[in-house]
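S.K.: Each protein sequence line maps, in turn, to chains W, Y, S and Z.
Position 53 (the first sequence) corresponds to 364 in this note's numbering; numbering is contiguous.
Position 60 (the second sequence) corresponds to 371 in this note's numbering; numbering is contiguous.
Position 109 (the third sequence) corresponds to 420 in this note's numbering; numbering is contiguous.
Position 128 (the fourth sequence) corresponds to 439 in this note's numbering; numbering is contiguous.
Wrong hints could be hidden among the right ones.
Which copy is meant is left open, because identical chains are indistinguishable; a pair holds if it fits in one copy or across any two.
Here are the simulated lysine-lysine pairs, DSS-like style, with alpha carbons at most 27 Å apart [said to hold, decoys possible]: (1) K444 x K387; (2) K384 x K405; (3) K444 x K395; (4) K387 x K434; (5) K434 x K384; (6) K387 x K405; (7) K387 x K377; (8) K434 x K405.
No lab work stands behind these hints, which were simulated from the structure alone.
Here the structure is a predicted model, which means the values were calculated and not measured.
Protein chains: 4
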Amino acid sequence: MEPNSLLNEHSLEFRVRYQETDQMGVVYHGNYFTYFEMGRTELLRSAIGISYRDLEASETFMVIAKAECSYRKSAKYDDILTLKTRVIRMTRFKIEHEYRLFRDQELLAVGHTILVTVDRSGKLTAGPSWMQKYNSTN
Amino acid sequence: MEPNSLLNEHSLEFRVRYQETDQMGVVYHGNYFTYFEMGRTELLRSAIGISYRDLEASETFMVIAKAECSYRKSAKYDDILTLKTRVIRMTRFKIEHEYRLFRDQELLAVGHTILVTVDRSGKLTAGPSWMQKYNSTN
Amino acid sequence: MEPNSLLNEHSLEFRVRYQETDQMGVVYHGNYFTYFEMGRTELLRSAIGISYRDLEASETFMVIAKAECSYRKSAKYDDILTLKTRVIRMTRFKIEHEYRLFRDQELLAVGHTILVTVDRSGKLTAGPSWMQKYNSTN
Amino acid sequence: MEPNSLLNEHSLEFRVRYQETDQMGVVYHGNYFTYFEMGRTELLRSAIGISYRDLEASETFMVIAKAECSYRKSAKYDDILTLKTRVIRMTRFKIEHEYRLFRDQELLAVGHTILVTVDRSGKLTAGPSWMQKYNSTN
Numbered sequence: 312m313e314p315n316s317l318l319n320e321h322s323l324e325f326r327v328r329y330q331e332t333d334q335m336g337v338v339y340h341g342n343y344f345t346y347f348e349m350g351r352t353e354l355l356r357s358a359i360g361i362s363y364r365d366l367e368a369s370e371t372f373m374v375i376a377k378a379e380c381s382y383r384k385s386a387k388y389d390d391i392l393t394l395k396t397r398v399i400r401m402t403r404f405k406i407e408h409e410y411r412l413f414r415d416q417e418l419l420a421v422g423h424t425i426l427v428t429v430d431r432s433g434k435l436t437a438g439p440s441w442m443q444k445y446n447s448t449n
Numbered sequence: 312m313e314p315n316s317l318l319n320e321h322s323l324e325f326r327v328r329y330q331e332t333d334q335m336g337v338v339y340h341g342n343y344f345t346y347f348e349m350g351r352t353e354l355l356r357s358a359i360g361i362s363y364r365d366l367e368a369s370e371t372f373m374v375i376a377k378a379e380c381s382y383r384k385s386a387k388y389d390d391i392l393t394l395k396t397r398v399i400r401m402t403r404f405k406i407e408h409e410y411r412l413f414r415d416q417e418l419l420a421v422g423h424t425i426l427v428t429v430d431r432s433g434k435l436t437a438g439p440s441w442m443q444k445y446n447s448t449n
Numbered sequence: 312m313e314p315n316s317l318l319n320e321h322s323l324e325f326r327v328r329y330q331e332t333d334q335m336g337v338v339y340h341g342n343y344f345t346y347f348e349m350g351r352t353e354l355l356r357s358a359i360g361i362s363y364r365d366l367e368a369s370e371t372f373m374v375i376a377k378a379e380c381s382y383r384k385s386a387k388y389d390d391i392l393t394l395k396t397r398v399i400r401m402t403r404f405k406i407e408h409e410y411r412l413f414r415d416q417e418l419l420a421v422g423h424t425i426l427v428t429v430d431r432s433g434k435l436t437a438g439p440s441w442m443q444k445y446n447s448t449n
Numbered sequence: 312m313e314p315n316s317l318l319n320e321h322s323l324e325f326r327v328r329y330q331e332t333d334q335m336g337v338v339y340h341g342n343y344f345t346y347f348e349m350g351r352t353e354l355l356r357s358a359i360g361i362s363y364r365d366l367e368a369s370e371t372f373m374v375i376a377k378a379e380c381s382y383r384k385s386a387k388y389d390d391i392l393t394l395k396t397r398v399i400r401m402t403r404f405k406i407e408h409e410y411r412l413f414r415d416q417e418l419l420a421v422g423h424t425i426l427v428t429v430d431r432s433g434k435l436t437a438g439p440s441w442m443q444k445y446n447s448t449n
């Protein structure tokens with residue numbers, strides 16, 4: 312597979328769990344970051360054909376350097392949501408994702424994360440070959 | 312109490328729970344937003360003398376419009392952390408907080424949130440008097 | 312639909328999220344109860360054709376009176392799990408579910424919950440007609 | 312310290328977080344198991360003088376074999392709760408805890424857990440000396 316396929320948008324559908332709500336009757340805002348994690352995991356699997364689990368098994372870890380989310384409408388219990396995830400920037404050490412969360416056509420939230428690749432000790436380290444290749448050709 | 316006391320920094324100490332860790336052996340990044348929520352709740356209680364629970368009971372809700380966090384060092388299980396919270400901007404409808412999370416003198420993360428005040432139906436509404444007063448004099 | 316269809320086992324497949332792990336490298340034990348909640352929600356939807364969301368909208372709430380889980384093997388990040396849920400006892404006020412969580416053929420955990428039906432104030436109240444009907448014929 | 316001090320009841324006070332609530336307006340039932348984890352961690356620290364973090368660092372892990380909770384009254388947002396934790400049974404391989412959760416004098420929930428000691432590979436292994444000593448004299 313080509314690393315450029317990472318730039319394609321990936322779409323993930325899932326249902327909101329009761330546990331994810333808070334007493335305001337909506338999804339607790341911190342849980343959107345769990346959704347984003349699901350989105351980038353599935354994007355990686357579908358675009359590059361590897362699982363993040365295997366990446367960790369090969370001693371490459373992607374840690375969050377920055378995470379943000381803008382909330383427009385609330386997600387609710389039992390909603391079926393669609394999360395659209397894509398990579399908007401990538402170097403040998405860093406991947407930036409953008410996330411857009413929808414309920415049907417309605418945009419609920421937009422998120423961004425920056426991940427950096429580290430080894431088990433937490434030291435910055437070049438990512439896997441598909442990240443390095445991408446960098447060298449852009 | 313004076314609304315300006317909201318501008319004072321509030322300090323909260325707490326211990327990391329096992330449940331908050333993930334398999335990387337550190338606190339899961341989404342959980343920092345739960346810490347920030349604890350910080351602004353205690354700032355409100357100590358600066359204005361009211362609980363957010365009472366605020367909701369009076370039909371004023373503060374919902375998250377934006378949340379972000381920059382991660383520098385990982386918090387770990389059983390760490391005693393210190394969260395410093397302050398208000399950096401406030402209008403009749405909106406409060407912006409800044410959060411700095413420390414382990415001893417070491418800065419682990421910096422966060423920001425923007426909250427807007429809404430009624431039960433989710434409609435934007437002016438916040439309680441201490442928010443309105445603040446706005447009128449600034 | 313017939314209430315007796317609740318006695319059929321329902322099968323739900325889902326993937327373990329990174330957020331659900333802890334630093335032991337396995338799913339945190341408390342999260343199994345979130346899985347069980349997903350199982351009984353989907354059993355209700357498939358057997359009775361209603362969502363728990365609609366049940367709450369009609370002012371019937373099912374609250375947990377007892378929950379337990381026996382853990383045999385650990386679920387891990389990115390595992391695809393199968394949760395088998397069935398009702399093992401039901402009266403007008405109470406439903407008892409049994410849950411068995413599998414990774415392929417391997418049984419990871421067995422759970423039980425007892426739910427009671429209450430109104431918004433928390434007062435014990437007879438459940439919806441399919442619960443009452445069940446009771447009257449058993 | 313004496314292992315028998317584990318049999319003394321330990322009392323932990325903490326405040327309910329907004330994140331811990333669900334849309335029923337109460338603490339989500341699965342979160343009680345996080346509270347219980349906090350209780351047994353602090354009991355261990357106060358009775359034996361070691362942290363569970365250090366125990367893991369010495370390659371002894373305590374994994375949950377069974378967990379249960381009976382729910383009587385709901386804990387709510389911002390409540391100050393008191394958790395009373397004690398060991399009710401202990402062998403070289405196993406510890407059983409009992410938990411009682413209070414809001415003031417009101418008993419909200421009663422829990423039990425069984426933990427077994429394993430090594431990093433998950434193999435059953437005798438616990439630390441204070442567990443072995445306890446066993447040999449009882």
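S.K.: Give the relationship of K387 and K405 under a CA distance limit of 27 Å: within one copy only, between copies only, both, or neither.
M.R.: Between copies, since 23 Å is at most 27 Å while 33 Å is not.
S.K.: Go through the copies and call it for K444 and K387: within, between, both or neither, with a Cα cutoff of 27 Å.
M.R.: neither (41 Å within a copy, 31 Å between copies)
S.K.: Could you place K434 and K384 in one of the four classes (within, between, both, neither) given a Cα distance threshold of 27 Å?
M.R.: between (38 Å within a copy, 11 Å between copies)
S.K.: Give the relationship of K387 and K377 under a CA distance limit of 27 Å: within one copy only, between copies only, both, or neither.
M.R.: both (26 Å within a copy, 18 Å between copies)
S.K.: How do K387 and K434 come out at 27 Å by Cα distance, when the copy is not named: within, between, both, or neither?
M.R.: For K387 and K434, the Cα distance is within 27 Å only across copies (17 Å; inside one copy 39 Å).
S.K.: Go through the copies and call it for K444 and K395: within, between, both or neither, with a Cα cutoff of 27 Å.
M.R.: within (24 Å within a copy, 42 Å between copies)
S.K.: How would you classify K434 and K405 at a CA-CA limit of 27 Å: within, between, both, or neither?
M.R.: The answer is within: 13 Å in one copy meets 27 Å, while 38 Å across copies does not.
S.K.: What label fits K384 with K405 when the C-alpha limit is 27 Å: within, between, both, or neither?
M.R.: between (30 Å within a copy, 16 Å between copies)
Consistency with the previously given hints fails for number 1 only.
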